[in-house]
Structures are given as C-alpha cells and as structure tokens.
Amino acid sequence: MIHRLRELLHSEYGKVLSGNKKVKKTSLSRVAGKILMIFFVIMLLFTILSRAIESITVARVEVDNPRRDILTHTLMGTGQIAMAEEEAMNILPDYHIDKVYVSAGEAVSTKTILYQYRVEDLQNKYNSINNEIKKIHNQIEIAQLNTISVDQFASPASLLSLQQAKDNLSVARAKLSEVQADYEGFLQENKKQPLGEKNAEFNIDLEGKLEAVKAAKEAVRIAEQAVETSNLQYNISKQGDTDKIKSINKSNKITELTIQGYRLDLREKEKELKNVNTLLNTSGKVTSPFKGIISHISLVEGKTTMGDELIKIGVGYYVLKGEFVSEQAVNVEIGSKVKITIAGGPEDKISTKVSKLRINEKGSPELVAVLPSGKYRMGEGAQFKIMTQSERYDQCIPIQALHESGKNEYYVLVTREHEDILGKILIATRVKVDIIGKSDSMVAVKEGALSQKDDVITDSSKYINDGDKVRIS
Amino acid sequence: MVLPLWFIITGSFMGTGEFQSNFQPVLDNTTGKVSWPLLPVYPTLRSYVELLLDSPKFFVVFWNSCKQVFPSLLGQLMIAVPAAWSFARFKFRWKKALFTLYIILMVMPYQVTMVSTYLVLDRLNILDSHLSIILPAAFSTFPVFIMFKFFKSIPESLIEAARIDGAGEWRIFWNIGIPIGSVGILSALILDFLELWNAMEQPLNFLKTKSLWPLTLYLPGISTDKAGITLVASVIMLSPALLLFLYGQKYLEQGIMVSGLNE
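These protein sequences, in sequence, are chains A and B.
For the first sequence, position 239 (counting from the first letter as 1) is numbered 239 according to my numbering, and the numbering increases by one without interruption.
For the second sequence, position 210 (counting from the first letter as 1) is numbered 1210 according to my numbering, and the numbering increases by one without interruption.
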C-alpha cells in the first residue's frame, strides 16, 4: 500500500508543480543555503573568540570591604649605640626632706633608698591637695549651676496679646459694618416718605443710629491703636528675646570654658595627689630608678625643697639613640615598645622600651632606649622599630586602594554592578574619600562615602580608571 | 531599492574618520553638505574587527535573536501545521467561524492586541523572558492561513485514494499532507523568519532586561560615534534574512503558484 501511495504522491506532486518546471535546486539556492550554514558557524566561532579576547582585556581586580579596624603605625629608623654616663632625677618642690641616705660616690641599685620626705609633711600635702580637689569639684558644680537654660521668653505672651488685639479689631470692624448697614438701610427706607411726614420720632431714630455708627467707628479706632501697641510690644519683646539668647549663649560659653579650666586643674591635682599617695605608701622613701654611682646630690636634710635640687647617677649602661621624623612618630611616647636590630645581628632581637623623647643638639627629635644587659660596642649602628596602635576606626581600607587626585584629595575605586546587554557587569566607579588616619598598610576614611558592603579595588591586573569594566579575580 | 543596501555595505568598510567627514552634519545635527562616495576612499575592516572581536555584547544579542526566532518557528511547525491541516481537510462544527476568527486575528495590527497579550503573558508570569516572545509567535495565525491554502490545494481524490487503501488520518497527514504541503510550510516559515528576525515592538514591550534583547533593539543603541559598527551590525543582521530568502526564493514562488491551483 505504501508503495502505491508513494507512486501516487510522486505523480500528484508532479502535477501540482506543472507549469512545468521541475523543482530542482538551483545553484544560487544551494550556495545561499551553504553560506547560511557557514554564517552561523562563523558567528559561533567569533562568539567564542570575542569572549576569549574580553577575558584577556578586562582588568582583573582584587577587592576588599571597608572594615572596623585599628591602624598600626610603624616607626622605623636607625641609630647608634652609646653609653649613658649620667641620669638625673628631679626633686619635687615644696617638700620637707627628712633624711638623705646616700652621698656622692656611693653605689646604688634600683632598690637603694636615696632620701625620705617627712611623712607629716606629705600627709599635710595630701590633705591640702585633697581639699583643693574638693574645692575644684565645688567650683565645677557652681559653674554648672550657672549655666542658664533658654526656656523663658517674653515674645510668645506678646504674640498672644497681639493676636487678641487683632481679633478685637476684627470684631469692632464687623460691628461697624453692621451699624453702617443698619444706618444706610434706615435712610433708604425713609427716603420714599414725604418730607412732611418725617416726624420727631424719625429724627430721634436717625440720631440714635448715627450715634451707634460713631461709637462703632470709635471702637474700631481704639482697637487699631491696641493692635499697633501690641505689635510694638511684640517687636520689642522679640528683640529682647534675641538679645537674651545671645547673652545667655555668651554666658554659657564662658561658663563652659571656666569648667574646662577647672577640669585641667583637677587633673593636675589628682596626678599630684597620686604621687603624694605613692610616697605616703613608702613612708616618704624614694628609691633610685637607676643602677649606678651617685655623682652629684644637692639635697640637704631638714630643708624644704625649692625645685632646683638635683641627684645625678652615673649609670654606665648602653642606650640606643636614634633620630626620627616627628610626623611618622604617631602615638610614640615614653614607654612604647622598641625592637632593635644591631647591624649584622638577628632581626628584632632586642626588645626594650622608649625611655626618653627629646630634641638633640642638632635640633632633631631623638629617642633614647635603654638596652638590656649584653655586649655592645660604642658607636655601633642599629635599626629600631616601634609599632603603635591607633584608636579603632569604623572604616579602614588597604592603603593600596587609595589614589590621589589633587592636593589632599583622595579617591578609591569601587566596583558597582551595572545592568548591561551582557547581563550584570562590574564597573570601576570613583568615590571621593576623606582620610582621617593613615598607617603604612591601612587608611581610615571618614564615614559616609563608602558602605561596609562596597567592594573597594585594592589591586588590578592593569591600569584602570573610572568607568572601566572589571572582573573580580 | 538597491541604494540603502549599497550604503550599508560600502559604509561598513569606511573608517570612522571618512564616515564622519562624509556625514558630519547628520552626526552633529547641524546643516551642511552630506556626501557618500560610491566606494570607500580608504576601505578598512576596522569596524568588522571591532564588532566581531571586541564586542561580545553583539553576539549576546545575535544569539538572543536566534533563541527567540528558531524556537518560535519550531512552535509554529508544531501548532500551525496541524491546525492548517485540520481547517483544510476536516469538517467540524464552527469551523467557518473559527477560521474567520483566525483571519480577524491575523489582520489585526500588533498594537491592537498588544495590551491583551501583555496581560496574558503577565498572568503566565513569563514577561521579561525569551518565552514572552516565543509563545505568542508560536501561536501566530499567519502561517495557519498560508499553510491552509497549500493543504486545501491537495486534490480530494488523492486523500480518498489513500483512505480506500486503508491509510488512517494520521498517516494521510504525515505521508501525504506534509510532503505535498512542504512548499507551503517552508514558505510560511521563511516569511515568519523574516518577520520575527526583524521584530521590534514585541521585544521592546515584553523584555525589560537588556541582556535578553535581540539584534533589532541593539542597533539603535549604538552611539553615532560608532556609526561604522552600526553598519557592520546591519550587514550581519540582514545577512541571514537575505541568504534565507535566496535559499527559499523558489519555495516562495512555488508556494504562490500552488496556492493558485485548484483541484
């Protein structure tokens, strides 16, 4: 059956196409068909090729998010090892010296008692400072009470009066309109009547209505005067309030500054009290802070110190003296930890603390760190490294993410998603930032410009600018 | 008729400088003399290289066009061919009314059915996807009408003969209808390919995401300073349509001829 159907189909198909050019694929059609196939294959190849090229040309970037962090500042420098020959001790003024235990030429250690203040004197001093502290507290409290609050003003009451006067004026004007209308109506009504018919009663009524109009006009005049007066009063009280606010603000500012001064005094006194208390705990005995030999002592037993007395101790230990740039010495203070590397020796082998910060004879800032016991050579070169930490900042980014656009103007590049014909693409976008802290590796920026979720570009495979397409590697 | 094609092809080989010097007033929206040489003075393949190698975006939209057109044509094959056969060969209730409805839907301009189509696609939750273009196109009434004419032209005697020989309806459709109607099917598909390949309104209305846009929406987005690329993209866009037309020209001719034949 199929065979028969096929034959039938062929014959019918031939008939259908009678004309009768047989359907034969022309060469043009064949070529067009082949080119069409080739066209799609070529497009596929170019698709792959263009993607591959793009993957090479688009910059690959590394990103980091702004985070809450502490900046670590590193101060590095070089110095020389020297021998510290003498160390001086300052003596507090206005204290009675009860006993001096050492004399010049005597060897001392860090446990040796050098001299002793009179305990009664210290106790008196303690009480005196304590009283002074109490007084300062009282003064602060008084000053705080003197702070004036700005809550009472005259202008609201005056404004209320003015409003009331205006309301009265409106009422008076309404009344005047009413009586005037009544008067005019009365005249209109009696116009049509013959003259002879107007009698005494009419005259009385007319007079009455005229009086009412006059009285209403007078009431309006009085109300207008009242409004003017109230307005004047309001303006005066308003000006008064403004002057009052200025005066109060000025007074409060003075009080605030006074309180600040008291607080500074308070801190000083508290520090003094602490020192006296420490001396009281040791019964007024002062021990040597250094090991060495007393080379000079100008304390005299039984006398009250003037402040120019001095004890000098020949120490004879080694120190590292190193110059530094003051701008780089962020948060460096006496007591900061120092790592020292002696030239040719192992790195950061010696660990000690800054004992002095001073300006040397060349006028440069210099630090002095006492070296622990060991073998050193005078004049030997050494490197020092001090690492200090800042306060905690809310937004810190790696320093390599920072770009400078002008004098003290900085920006970072962040990746922002853009909807594109290729889908979501990442574009490097410039964001201006204000720097509030900087270390060797991190930068703290002012909040607002960046969010914690921003991807800040820290490194890229090639130079990128604002608006460039990027890819996170 | 030939001039626009000539402009596109010669322009695609022009450098940016030559193109801008010829078309400066048009590009700058100012007044002045515009010239177009018969052949580029300094022919270059720069625009081709830039588009084909440096613009992966272009291939995304090119394949988007393919993703929308070819499944639509496949859908038409699956739906329109049996529908046209049914209208041509079967007798059933409301046939005439249904076919009239098909004709009405066919002659309706897109703008009329746009809102209702949008609402249906929204309800089906397929807006902003390739399916929002494919689905309405697959149910297009135009190929049904074209194929109907071809299927209708198959002599009834042939069908009867097949029935007498014991062929079932499916067999008649598959072994007689499709082979004889293949010219009509091909001509309908070629015509629909041309329509879908050049469609602008549907993608513009139903596709919000740019990464789904077809070529037709990509071309206007190219800036004037890249006019050379626009012309290359135009050449590439018209190429498949032109090649398909050349390939299927005889089918279209035969289709027209057959549609005029009676039993």
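To be clear, the hints were calculated from the coordinates, so they are not data collected in a lab.
Every residue gets a Cβ at the ideal spot worked out from N, C-alpha and C, and that includes glycine.
Please note that the accuracy of each hint is not assured.
Stated by the list, open to error - Under 7 Å between C-beta atoms, here's a sample of chain B residues computed to sit facing chain A:
(1) Leu1052
(2) Pro1056
(3) Phe1059
(4) Ser1239
(5) Leu1243
(6) Leu1246
(7) Tyr1247
(8) Lys1250
(9) Leu1252
query = Any hints this thing doesn't respect? Which numbers, in order?
reply = When the structure is compared with the hints, only number 9 turns out to be violated.
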